[in-house]
Amino acid sequence: MDALIEKLKGQIIEQLNLAEVKPEEIKPDSPLFGEGLGLDSIDALELIVLLEKHYGIKIQDPKDGKTIFQSLRTMAEYIKSQGKS
Amino acid sequence: MKEIISYAHIKHNQVSVNGEVVFQSNSSLTLIEFLSEAYKNLGASYPKFHKMDAQCKLGFLCAEFALKGTNFLTENNLSKTAIVLSNCASSLETDRVHQHSIDDKSNYFPSPAVFVYTLPNITIGELAIKHKITGENAFFVSEQLDADLLVNYTETLFQGNTKAAIVGWVEVDGANFEAFIFLTENTENINKSSIFKPLNKTSVITIYNQTIWTH
Amino acid sequence: MIFTSYNNIISPLGFSTQENYQAVSNSQVGVKKVKLPFSQDEFCVAKISDDKIQGHLSQIKNADTHTKLEQLSILSIQDVLNQSGINPKDSRTLLIYSTTKGNIDVLSFDSAQDDRYKGIDPKRVYLPVFAKHLQSYFQLAHTPIVLSNACISGILAIIIAKRFIEQGTYDNVLVCGGDILSEFTISGFKSFNALSNEPSKPFDGNRVGINLGEAVSTILITNKKELATPYNTQIISGASANDANHISGPSRTGDGLFQCLTQILDKNTNDIGFISAHGTATPFNDEMESIAFDRAGLNTIPVNSFKGYYGHTLGAAGVLETVLSLESMKYQRLIKSEGFETKGFSGNITMIESHQDKSFTSFIKTASGFGGCNAAALFKKI
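Chains as they are written, first to last, in the working numbering: chain A, 18 to 102; chain B, 11 to 225; chain C, 2 to 383.
If we strip away everything but chain A, and leave its shape as in the complex, we get (with noise of 0.2 Å):
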């Protein structure tokens, strides 16, 4: 699990083009929206990419995104549920 949230943290600064955000500086359980990282509506939808095309995985309703990406440890969590880690 530990290696997956390390993977997805050098992902999410990416794809989210996080220039100034160091990887250290996400916590696995810190809120990815809202405060601390400033990410927005179109991040949200970039994170549903993310998982398509690094991960196989398809989200049907973007509204589940809200669970899913809460933090760095729901998110591998689901990826993980998937069976697709």
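Simulated from the structure, these hints should not be mistaken for lab results. Bear in mind that the values here come from a model prediction, so they are computed numbers and not experimental data. Just so you know, even glycine gets a beta-carbon here, dropped at the ideal spot from N, CA and C. Watch out, some of these pointers could steer you wrong.
Unchecked claim - Straight-line C-alpha distance at most 25 Å; calculated DMTMM-like pairs for lysine to aspartate or glutamate: (1) A/Lys80 - C/Glu342; (2) A/Lys97 - A/Asp78; (3) C/Lys48 - B/Asp113; (4) A/Lys80 - A/Glu94; (5) C/Lys124 - B/Asp114.
To be verified - Partial selection, computed: residues in chain C whose CB lies under 10 Å from chain B: (6) Val130; (7) Phe165; (8) Thr186; (9) Asp244.
We have chain A already, so just place chains B and C on it with the hints.
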């Protein structure tokens, strides 16, 4: 008095402000590398910058350089400040990225963060967001800098509610890029600064050709 | 005074303004599920049938040397020239072209299997080259001005036409707005999760997103009283404003649109028949509009969106919807906001739930788009 109060020009990996080169980087740098160097030179911290496409970054930086050291944003009512930009390639540079992402059906990943930049006026939106400017907007697409069009249109805005405007050209097309932005105000004040010029076609052409590029 | 004059609409619902107005007043919807050449999936879009276009090509000189958008634009502009009798070569006449993507289909030129585009210069994807192509076709005195300001382009182009005429720079401005369906825009809006798989439902509680559509619409804006005959209607005022909030999402409080409305509303105009809203049928857009109209005190003015009939025609939308609104005022009839059934917004506004006769002398057209832009204009009978 309708006057041009400040201007910036970015070309050949150099930035000029009011006709003087104020920043230059190695001419071998790519556009993206150059933009990143120019951003560091400004000393600004604006994380959204890194999310922008090249055209928005270029327009953003050119506007920052034109604004630096002026009271344009504090002295003008931002709801009466217009942004009028133009270029030749519209958003083609980013259009090509989006097109590339859908050309191959087996590697088909259109990106919303790319697609949103496939409209040229997003550059206006980024400037508006950064500086909370809520006045008139227009993005014109012309073969080259059309001083007549930009001056005439800004004049029509000054006939209405508009009191100030950010006007110019922001172009990225492959390896070619150029930005030229001037700030203009319709004010009662009689300004004595040497760089102030009346808003007309001749002034715009003069300041556009003023910079002596070092390479 | 600046007048609205002769015009044309080319859309799935017809090749003239009259055909289009007849169609919407008979509740015909141009949006349907179709297969498109680039995908196995069906898309719910408003597509102009290739056969219909084919049937009009004989009216165009060297038809096969033009792209689809050029063909449709030529037909639309020619119709307005014929009706109005104005001389396109006159130095007091200008063409403003409103588009978001122009000949974007040419961008896939290298990989395209479309034979029709053989012999078309790939440079025509550049909007100024496209504009010069139209200039040479009609031998226009001036190179057309191209405006590309997302979804407000059409109505903003009309406002800009008014401003240039008032300035004394031109007497007649042809405003043509056009965009075609392309894999480019469809895939992009799909990645935004903004497309509806069913005919869209602007302002409805069950709306899920937009339908894309294609259309070209042209209107002559003029200071010549003798050309005002089609509607005897003038453009009173127009404004644009930016939300300065987000590049893709509208202001939750409708700030930019509200700012436009406060600028265009005229104390002497108290007989506003209706508002032709942007009404894309995305959850955020329609909600934002309801709040802006409410804030501007327009609660009792009936509102419609034409996007239930035409989908979102991007650069054409503002022109097309202005023309339909002018027709609506000419016939003193409000057109139902197609797709609306149950209230799906928080602002206190009044929707047009069925076609109905009404006596009125003015209307408002609004639009909002990516980049945080908004625009509104007020039209009034002389």
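Results for each hint:
no., hint, in the structure
1, A/Lys80 - C/Glu342, "holds (24 Å)"
2, A/Lys97 - A/Asp78, "holds (19 Å)"
3, C/Lys48 - B/Asp113, "holds (22 Å)"
4, A/Lys80 - A/Glu94, "holds (17 Å)"
5, C/Lys124 - B/Asp114, "holds (22 Å)"
6, Val130, "holds (8 Å)"
7, Phe165, "holds (7 Å)"
8, Thr186, "holds (8 Å)"
9, Asp244, "holds (7 Å)"
When the structure is compared with the earlier hints, no violation turns up for any of them.
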